[in-house]
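Novice: Protein chains in written order, with the numbering used here: chain A, 1 to 438; chain X, 1 to 438; chain H, 1 to 438; chain F, 1 to 438.
None of these hints come from the bench; they were simulated from the model. Mixed in with the good hints, there may be bad ones.
Stated by the list, open to error - Here's a subset of chain F near chain A, in silico, CB distances under 7 Å, partners left out:
#1 Leu262
#2 His265
#3 Thr266
#4 Gln269
#5 Arg276
Remember, it's a predicted structure, so these values are computed and weren't measured experimentally. C-beta: ideal position from N, C-alpha, C; glycine also.
Protein chains: 4
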Amino acid sequence: MDQAVADFVREITPALQERRRDLHKFAESGWLEFRTATLVAEELHRLGYSLKLGREVIDAQSRMGLPSAEVLAQQEQRALSQGALPQWLSHFSGGFCGIVATLETGRPGPVIAFRVDMDALDVIELQEPEHRPFAEGFASCNEGMMHACGHDGHTTIGLGLAQVLKQFESRLTGTIKLIFQPAEEGTRGAKSMVAAGVLDDVDFFTAIHIGTGVPAGELVCGNDSFMATTKLDVTFRGVASHAGARPEEGNNALLAAAQATLALHTLPQHSGGSSRINVGVLQAGTGRNVVADRAFMKVETRGATNEINDFIYQKALQALAGAAAMYDVQHEIALMGAARSSQPTQPWVNFIRQQAGQIPELTSLVDKREQAAGSEDATYMMERVKELGGQASYIIFGTELSAGHHNEKFDFNEQVMATAVKTLAALAFNIQDFREEA
Amino acid sequence: MDQAVADFVREITPALQERRRDLHKFAESGWLEFRTATLVAEELHRLGYSLKLGREVIDAQSRMGLPSAEVLAQQEQRALSQGALPQWLSHFSGGFCGIVATLETGRPGPVIAFRVDMDALDVIELQEPEHRPFAEGFASCNEGMMHACGHDGHTTIGLGLAQVLKQFESRLTGTIKLIFQPAEEGTRGAKSMVAAGVLDDVDFFTAIHIGTGVPAGELVCGNDSFMATTKLDVTFRGVASHAGARPEEGNNALLAAAQATLALHTLPQHSGGSSRINVGVLQAGTGRNVVADRAFMKVETRGATNEINDFIYQKALQALAGAAAMYDVQHEIALMGAARSSQPTQPWVNFIRQQAGQIPELTSLVDKREQAAGSEDATYMMERVKELGGQASYIIFGTELSAGHHNEKFDFNEQVMATAVKTLAALAFNIQDFREEA
Amino acid sequence: MDQAVADFVREITPALQERRRDLHKFAESGWLEFRTATLVAEELHRLGYSLKLGREVIDAQSRMGLPSAEVLAQQEQRALSQGALPQWLSHFSGGFCGIVATLETGRPGPVIAFRVDMDALDVIELQEPEHRPFAEGFASCNEGMMHACGHDGHTTIGLGLAQVLKQFESRLTGTIKLIFQPAEEGTRGAKSMVAAGVLDDVDFFTAIHIGTGVPAGELVCGNDSFMATTKLDVTFRGVASHAGARPEEGNNALLAAAQATLALHTLPQHSGGSSRINVGVLQAGTGRNVVADRAFMKVETRGATNEINDFIYQKALQALAGAAAMYDVQHEIALMGAARSSQPTQPWVNFIRQQAGQIPELTSLVDKREQAAGSEDATYMMERVKELGGQASYIIFGTELSAGHHNEKFDFNEQVMATAVKTLAALAFNIQDFREEA
Amino acid sequence: MDQAVADFVREITPALQERRRDLHKFAESGWLEFRTATLVAEELHRLGYSLKLGREVIDAQSRMGLPSAEVLAQQEQRALSQGALPQWLSHFSGGFCGIVATLETGRPGPVIAFRVDMDALDVIELQEPEHRPFAEGFASCNEGMMHACGHDGHTTIGLGLAQVLKQFESRLTGTIKLIFQPAEEGTRGAKSMVAAGVLDDVDFFTAIHIGTGVPAGELVCGNDSFMATTKLDVTFRGVASHAGARPEEGNNALLAAAQATLALHTLPQHSGGSSRINVGVLQAGTGRNVVADRAFMKVETRGATNEINDFIYQKALQALAGAAAMYDVQHEIALMGAARSSQPTQPWVNFIRQQAGQIPELTSLVDKREQAAGSEDATYMMERVKELGGQASYIIFGTELSAGHHNEKFDFNEQVMATAVKTLAALAFNIQDFREEA
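Start from the sequences and build out the full structure, keeping to the hints where you can.
Specialist: Structural data, given as C-alpha cells:
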C-alpha cells in the first residue's frame with residue numbers, strides 16, 4: 001500500500017463519517033433517493049468526473065417495484081425541503097435516481113467499474129439512546145425509512161473512492177466508472193441500469209457490501225452465494241355479493257388466493273439445488289358478510305441457480321392462472337423485483353485477493369463463504385459483464401454490526417469505509433498487474 | 001275397483017311373486033340387463049303387444065355411464081349362460097336394454113304411458129339366513145349385483161300391468177305404452193329414451209317407485225322432491241417422476257385432484273334453494289416415491305331446481321379446469337349420469353288421487369312428502385311430456401322394507417306389487433274421466 | 001284510526017324529519033352512539049318516561065364486537081364536541097349506549113314493548129349533489145360512519161311513538177316499554193340487553209325495520225326470514241423467519257389461514273335448510289420475504305334455523321383448531337356478533353294485521369315475504385319473550401329507497417316515519433282487543 | 001490380484017450366472033424371499049459357514065412395511081411349490097427371511113462384514129423377446145414381482161464371495177460375516193437386523209450395489225449420496241352419509257386427506273440441504289353419492305441429513321393430525337420404511353480404493369458421485385458400525401444396464417458379478433494392510 005494514498009484516506013476519513021451520517025439521517029428508500037442523488041452528483045461534478053444521470057443510465061421500462069406517481073411526487077418535494085439540490089433534481093424526477101461518473105485517463109487501459117447502492121429500507125429506526133445513531137443525533141428523520149443495511153456506507157465509500165482516484169489520477173490508466181444505483185432493496189434497480197447499457201463497455205466490475213455477518217478484518221473476495229429471485233405482486237379481482245343473501249352471485253377472489261397460496265407452496269422441490277417460494281403477504285376482502293372481490297398477494301421465488309428460479313417462477317405463473325380460472329376471477333401479476341445468481345470470475349477474484357493482501361486492515365482473505373441464501377441485483381451487472389467477456393466479482397468487507405441487517409438497531413463500525421476505499425483504489429491503481437492466468 | 005280386475009290380479013299374484021324372485025336372483029346392473037330384457041320382451045310379445053327394442057328406443061349417444069365394451073361383452077355372455085333368450089338378445093347387445101310395448105286399442109283416446117326401470121345395483125347381497133331372499137333361495141347369484149332398490153318389483157309390476165290391461169283390453173281407449181328402462185341407478189338411462197323420441201306422443205305419463213320410506217298403504221300421488229343432478233367422472237393426467245431424485249420433472253395429478261376437491265366443495269352456496277356437491281371417490285398415484293401422473297374422481301352435483309344444479313355444474317367445470325391448469329396436467333370429464341327436478345302436473349295428480357281412492361289397499365293418499373333430496377331420471381321423461389303439453393306424475397307406493405334402499409339386506413313386502421298393478425290399471429281403464437280442471 | 005292521533009302525528013311530522021336529519025348528520029356506529037343516546041334520553045326524560053340507562057340495561061359481558069377502549073374514548077370526546085349532552089353521557093361511557101323508557105299507566109294491562117336501534121354503519125357517505133342528504137345539508141359529517149340502513153329513522157320513530165303515547169296517555173292500559181338498542185349492525189347489541197333482563201317482563205314485543213325492499217304502502221306483519229348467524233374474528237399467531245435463508249424456522253400463519261379458509265368453505269351443506277359460511281376478510285403477513293407470523297380472518301356462519309347455524313359454527317371451530325394444529329400456530333377466536341332465527345307468534349301477527357288495517361297509508365298487508373337470508377339480533381329479544389310465554393313479532397314498513405341498504409347513496413322516503421308511529425301507537429292503544437285465538 | 005483367486009472366480013462364473021438367473025426367474029418381493037432364503041441358507045451351509053437365521057437375525061418389532069399374514073402364508077406356500085427347501089423354510093416363516101453366515105478363522109483379526117440384499121420389486125416384468133430375460137427364459141414367473149433393481153445379482157455376489165473366501169480360507173484372518181438382508185426396497189428390512197444385534201461386533205462393513213448409472217468399469221468407493229427417508233401409510237376414518245340427503249351427518253375423510261396432501265406438500269423448504277415430501281398414492285371414498293368415510297395415503301419424507309428428514313417428518317405428523325382434527329375424523333399412521341443418510345469413513349474408503357486398484361476390470365475409481373437423492377437402508381448398518389467405532393462404506397460397481405432401475409426392461413451385464421466377488425474378496429484377504437491414517 002502506498003503511504004501517500006493511506007495518508008490521504010486517513011485525512012478524509014472524518015469527512016467520510018460526516019457524509020455517511022448525513023445520508024443516514026435523511027434516509028430515502030428505493031426509487032426515492034432524490035436528495036441523496038443530488039448530493040452525490042454535486043460531489044462527483046465538483047471532483048471533475050463526467051456524469052451521466054437519470055434517464056441516461058436508467059431504462060424506464062426495466063424499473064421494477066416503482067412507487068406510485070403520487071408517492072414519487074410527494075417524496076421529491078420532501079427531498080427538496082431537506083436539502084436536495086434543485087440544480088440536479090430534475091434529472092432524477094419521477095424515479096430515475098441513478099448516476100454514472102466516468103474518469104477518462106487518456107492513457108491506454110481497460111474500463112474498470114465499481115458499483116455502490118444508495119437506497120434505504122422501509123424500516124422504522126429505533127429512537128432510543130441505546131442506539132448510537134439516535135444518541136449521536138443522526139438517526140433517520142424520515143419515519144419509516146432507515147439505512148438498516150449499510151447502503152449509506154456504500155454510497156460514502158463510492159464518493160471517497162472518487163476522491164482518492166481523482167487525487168492520484170496520474171497513477172491511473174484506462175477508464176474508471178463509478179456506478180451509483182437506486183433501489184437495490186427488493187432487487188428492483190440494477191436491471192434498469194443494465195438495460196440502459198451502463199455495463200456494456202466494462203472490462204472489470206466490482207460490487208461491494210459491508211457486514212452481512214463477515215467478521216471485521218475479513219474480506220470475501222468472490223462471494224457466490226446469492227440466490228436468483230423473482231418478486232411478484234398478484235391481484236385477483238372477482239365479483240362481490242352479499243354472502244348471506246346472494247352467495248351465488250359472487251366470484252370469490254379470496255378463495256382463489258387461498259388456493260393459489262397452497263398451490264405455490266407445493267412447488268419448490270428441485271433436484272438441482274435450493275429453491276424457495278413464499279407468499280409473504282395476503283390481503284383479501286372488504287367485509288365479513290361480503291363475498292370478497294379482491295385479493296392481493298406478495299410473492300417471491302428463489303433458486304440456487306437462474307435455471308431453478310426461472311423454473312419455479314414459470315410453475316408459479318401456471319398455478320396463479322389456474323387459481324384464477326378456478327373461481328372465474330381476473331388476475332394480474334406485476335414484476336416487483338428480480339436478481340440472478342452469478343459466479344465471480346476466478347482470475348479477478350485472485351487479483352482482488354492479491355491486492356487486498358497489501359491492505360494492513362484486512363487480516364483475513366477468503367474467496368467464498370458459506371451459503372447464505374440472500375439475493376442481490378448486482379448479479380445482473382456481473383452477468384452482463386461476463387457475457388461480454390469481462391471480469392466480475394462481488395466482495396464483502398467484514399465489520400462489527402450492532403444488530404443484524406434490516407433490524408431497527410442496525411449500525412456498523414464506520415472504520416470499514418476507509419478500508420474499503422483503500423482496497424478498491426488499489427484495484428484501480430494496479431490494474432495493469434492483472435493477469436488472466438493468475 | 002272393478003271386482004273382475006281385482007280377482008284377476010289376485011289370480012296372477014303368485015306368478016308375479018315368482019317373476020320378481022327370478023329377476024332378483026339374476027340381478028343385472030345398469031346397461032347390463034340382458035337376461036331381464038329378453039324375458040320382458042318375450043312376455044310382452046306373448047301377450048300381444050307391439051314392441052320396439054334396443055336402438056329403436058335408446059339413443060346411443062345419449063347413454064351415460066356405460067360400462068366398458070369388455071364388461072358389456074362379458075355380461076352378455078353371462079346372461080346367456082343364465083337363461084337369456086337368444087332370439088331377443090341381439091336387440092340389446094352392446095348396452096341397449098330398453099323396451100317399449102304398445103297397445104293400440106283402435107278406439108279414440110289419448111296415449112297413456114307407464115315407466116318402470118329394470119336395473120340392479122352394484123351391491124353385494126347379504127348371504128345369511130336372516131335375509132329372506134337368501135333364506136328362501138332367491139338371493140342374487142351375481143356377486144356384486146343386487147336388486148337393493150326394488151326395481152325387480154318395478155319390472156314385475158310393469159309385466160303384471162301388461163297382463164291385466166291385455167286381459168281387459170276391451171275396456172281401454174286410446175293407446176297404452178309400457179316403458180321398460182335400463183340404468184336408472186346413477187340416473188344414466190332415461191335421457192337416452194327421451195332422446196330416442198319414446199315420450200314424444202305421450203299425453204299422460206306416470207313413473208313409479210315402491211318403498212322409499214313411505215308407509216305401507218300410503219300412496220304419494222305427485223312426488224316432487226327430486227333434486228336435479230349431474231354425475232361426472234374426472235381424470236387428471238400429468239407426468240410421473242421419481243419424487244426423491246427428480247421431483248421437478250413431474251406434473252402432479254394428485255395435487256391437482258386435491259386442489260380440485262377442495263375447490264368443488266367450496267361451491268354450493270345458493271340462495272335459490274338446496275344445492276350439493278360431492279367428491280365421493282378419489283384415486284390417485286401409483287407409488288409412494290413417484291410423483292403421481294394420474295388421478296380419478298367421481299363427482300356429483302345436485303340442485304333443488306335444474307337452474308341451481310346447472311349453475312353448480314358450470315362452476316364445477318371451471319374449478320376442474322383451473323385445477324388442471326394449476327399443475328399443468330390434462331383433464332377429462334365424462335358425463336356419467338344426470339337427472340332433472342320436475343314438478344308433477346296437478347290435474348293428473350288429482351286424477352291419480354281420485355282413482356287411487358278406489359283401491360282398498362291404499363289407506364292414505366297424499367300429494368307430496370317431505371323433501372327427500374334424492375334424484376331420479378324419470379324426471380327427464382316428465383319434463384319432455386310436460387314440454388309437449390302432456391300430464392305427468394311420479395308416484396310412490398308405500399311398503400314395508402327390511403332395510404333401507406341400497407342396503408345389503410334390502411327386501412320389501414311383495415304385496416305392494418298387486419296393489420300397484422291395480423292402481424295403474426285403474427288409471428288406464430278410467431282415463432276418459434280425466435278432467436283438466438279437476 | 002282515531003282522527004285526534006292522526007292529527008297529532010301530522011303536527012309533529014316536521015319535527016320528526018328534523019330529528020331524523022340531525023341523527024343522520026351526526027351518524028355514530030355501533031357501541032359509539034354517545035351523542036344519539038344522550039339526545040334520546042333527554043327527550044324521553046322531558047316527556048316524563050322513567051328511564052333505565054347504560055349498565056342497567058346492557059350486560060357488559062354479553063356485548064360483542066366492542067371497539068377498543070381507545071376508540072371508545074376518542075368517539076366519546078367527539079360526541080361531546082358535536083353536542084352530546086354531558087348530563088347523560090356518563091351513563092353510556094365505555095360502550096353502554098342503551099336506553100329503556102317505561103310508562104306505567106297504573107291501569108291493569110300487559111307490558112307491551114317496542115324496540116328500535118340507533119347505530120350507523122361503517123360506510124363513507126356519498127358527498128355529491130345527486131345524494132339528497134348531501135344536497136340538503138344533512139349528510140354525515142363523521143367520515144366513515146353513515147346511517148345507510150335507516151336506523152336514524154327507527155330512532156326517530158321510537159321518539160315519535162313516545163310523544164304520541166304520552167299525549168294520549170289516558171287511552172293506555174298496562175305498561176309501555178320503549179327499547180333503544182345500540183350496535184344492531186353486526187348483530188352485536190341485542191344479546192346484552194336480553195342478558196340484562198330488559199325483556200323479562202314483556203308480554204307483547206314488536207321490533208321494526210323500514211325499507212328492505214318492501215314496497216311503499218306495504219306492511220310485513222310477521223317477518224320470519226332471518227337466518228341465525230354467528231360472527232367471529234380469528235387470529236393465527238405463528239413464528240416469523242426469513243423465507244429465503246431460514247424457511248424451516250417459521251411457523252406459517254398465512255398457510256394455516258389459507259387451509260382454514262378452504263376448510264370452512266367446504267362445511268355448509270345441510271339437509272335441514274339454508275346454511276352459509278363466509279371468510280369475508282383475510283389479512284396475513286408482514287413482508288414478501290418473511291414467513292408470515294400472523295393472520296387475521298373475519299368469518300360468519302348462518303343457518304335457516306338456530307340448530308343449523310350452531311351445527312355449522314361447531315364444525316367451523318373444529319376446522320379452525322385443526323388448521324392451527326397443522327402448522328403448529330396458536331389461534332384465538334373472538335365472538336363478534338350473533339343473532340337467532342325466530343318465528344313470530346301468529347296471534348300477535350294477526351293482531352298487528354288487524355290494527356294496521358286501520359292505517360290508511362298501509363295499502364298492502366302481508367304476513368311474510370320471500371326468504372331474504374339477512375340476519376337481525378332483535379331475534380334474541382323475540383326468543384326471550386316467547387320463552388317466557390309472550391307474543392312477539394318483527395314488522396317491516398315498506399318505503400321508497402334511493403339505493404340499497406348499506407350503499408353510500410342510501411336514503412328513504414321520510415313519510416314512512418309517521419305511518420310507523422301511527423301503526424305502533426295503534427297496537428298500544430288497542431291492546432285490550434288482543435285475542436289469543438284470533 | 002492373486003492369479004489363483006482370479007482363476008477360481010473365472011471357474012465359478014458360469015455357476016454364478018446360472019444362480020442369478022434362477023433367482024431372477026423366481027423373483028420374490030420384500031419379506032417374501034422364502035425360496036431365495038432357503039437356497040442361500042443351503043449353499044452357505046454346504047460351504048461350511050455357521051448360520052444364524054430368521055428370528056435370530058431379524059427383530060420382529062423393528063420390521064416395517066410387512067405384508068399381511070394372509071399374503072405371507074400364501075407366498076410361503078407358493079415358494080414351496082417353486083422349490084423352496086422345506087428343511088430351512090420354518091426359520092423364515094412369517095416374514096423373517098434373513099441370514100447371517102459367519103466364518104471364524106481362528107486367527108486374530110477384526111470382524112469384516114459384507115451385506116447384500118435379496119428382494120425383488122412389485123413390478124410386472126416385460127414378457128417380450130426384446131427383453132433378454134424373457135428371450136433366454138429366465139424372466140420372472142411370478143407376476144407382479146421382478147428383480148428390476150439387481151438384487152438377484154447382489155445375492156449371487158454374496159454367495160460367490162462365500163465360495164471364494166472358503167476356497168482360500170487359509171489366507172484369511174479374524175472373522176468374516178456375510179449378511180443377506182430381506183426387504184431393502186421401501187427401506188424396510190435393515191433396521192430389524194441392526195435391532196437384532198447383527199452389526200454389533202463388526203469392525204469393517206461394506207454394502208454394495210451394482211449399476212445405478214455408474215459406468216461399467218468404474219467403482220464408487222464411498223458413496224455418500226443417500227437421503228434419509230421415512231415412509232408412512234396414513235389412514236383417515238370418518239363417518240359416511242348420503243351426500244345428497246344427509247350431507248351434515250358425514251365426517252368427510254376424503255376432504256381431510258385432500259387438506260393433508262396440500263399441507264404436506266407445503267412443508268419441505270429447509271436451509272440445511274435437500275428435503276422432500278411426497279404423497280404418492282391417495283385412495284378415498286366408496287361411492288359418488290356417499291360422503292367418504294375412509295381415505296388412505298402413501299407418504300414419504302426425505303432429507304439430505306437425518307436431522308432434516310426428522311424435521312420434515314415431525315412437521316408432517318403435525319399436519320396430518322391437524323387435517324384429521326379439521327374434519328373430526330380419526331387418523332392412524334403406520335411406519336412402512338425408513339433409512340438414514342450416512343457418510344462412509346474415509347480410511348475405509350481409501351483402503352477400498354487401494355485394493356480395487358488391483359482389480360484389472362476396474363478402470364476408474366472414484367470416491368463419490370454426484371448427488372443422487374435415492375435412499376438405502378444399509379445406512380442403518382453403517383451408522384451402527386460407526387457408532388461402535390468401526391469403519392463403513394457403501395460401494396457401487398458400475399455396469400451396463402438395459403434400462404433404468406425399477407423399469408420393466410431392467411437387466412445388467414452379468415460380468416459385473418465376477419468383478420464384485422474379486423473386489424470384495426480382496427478386502428477380506430488383505431485386511432491386515434488396513435491403516436487408520438492411510
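Novice: Against chain A, is His265 (chain F) within 7 Å by beta-carbon distance?
Specialist: holds (4 Å)
Novice: Under 7 Å is the threshold here; is the Cβ of Leu262 (chain F) close enough to any Cβ of chain A for the hint to stand?
Specialist: Because about 5 Å separates Leu262 (chain F) from the closest Cβ in chain A, which is inside the 7 Å limit, the hint holds.
Novice: Holds or violated: is there a CB of chain A closer than 7 Å to the CB of Thr266 (chain F)?
Specialist: With a minimum Cβ separation of about 4 Å from chain A (threshold 7 Å), the hint on Thr266 (chain F) holds.
Novice: Should the interface hint for Arg276 (chain F) be scored as holding, given a Cβ-Cβ cut-off of 7 Å against chain A?
Specialist: With a closest approach of 6 Å, the Arg276 (chain F) hint holds.
Novice: Given Gln269 (chain F) as an interface hint, is the shortest Cβ-Cβ distance to chain A below 7 Å?
Specialist: holds (6 Å)
This entry satisfies every hint, going by the numbered hints stated previously.
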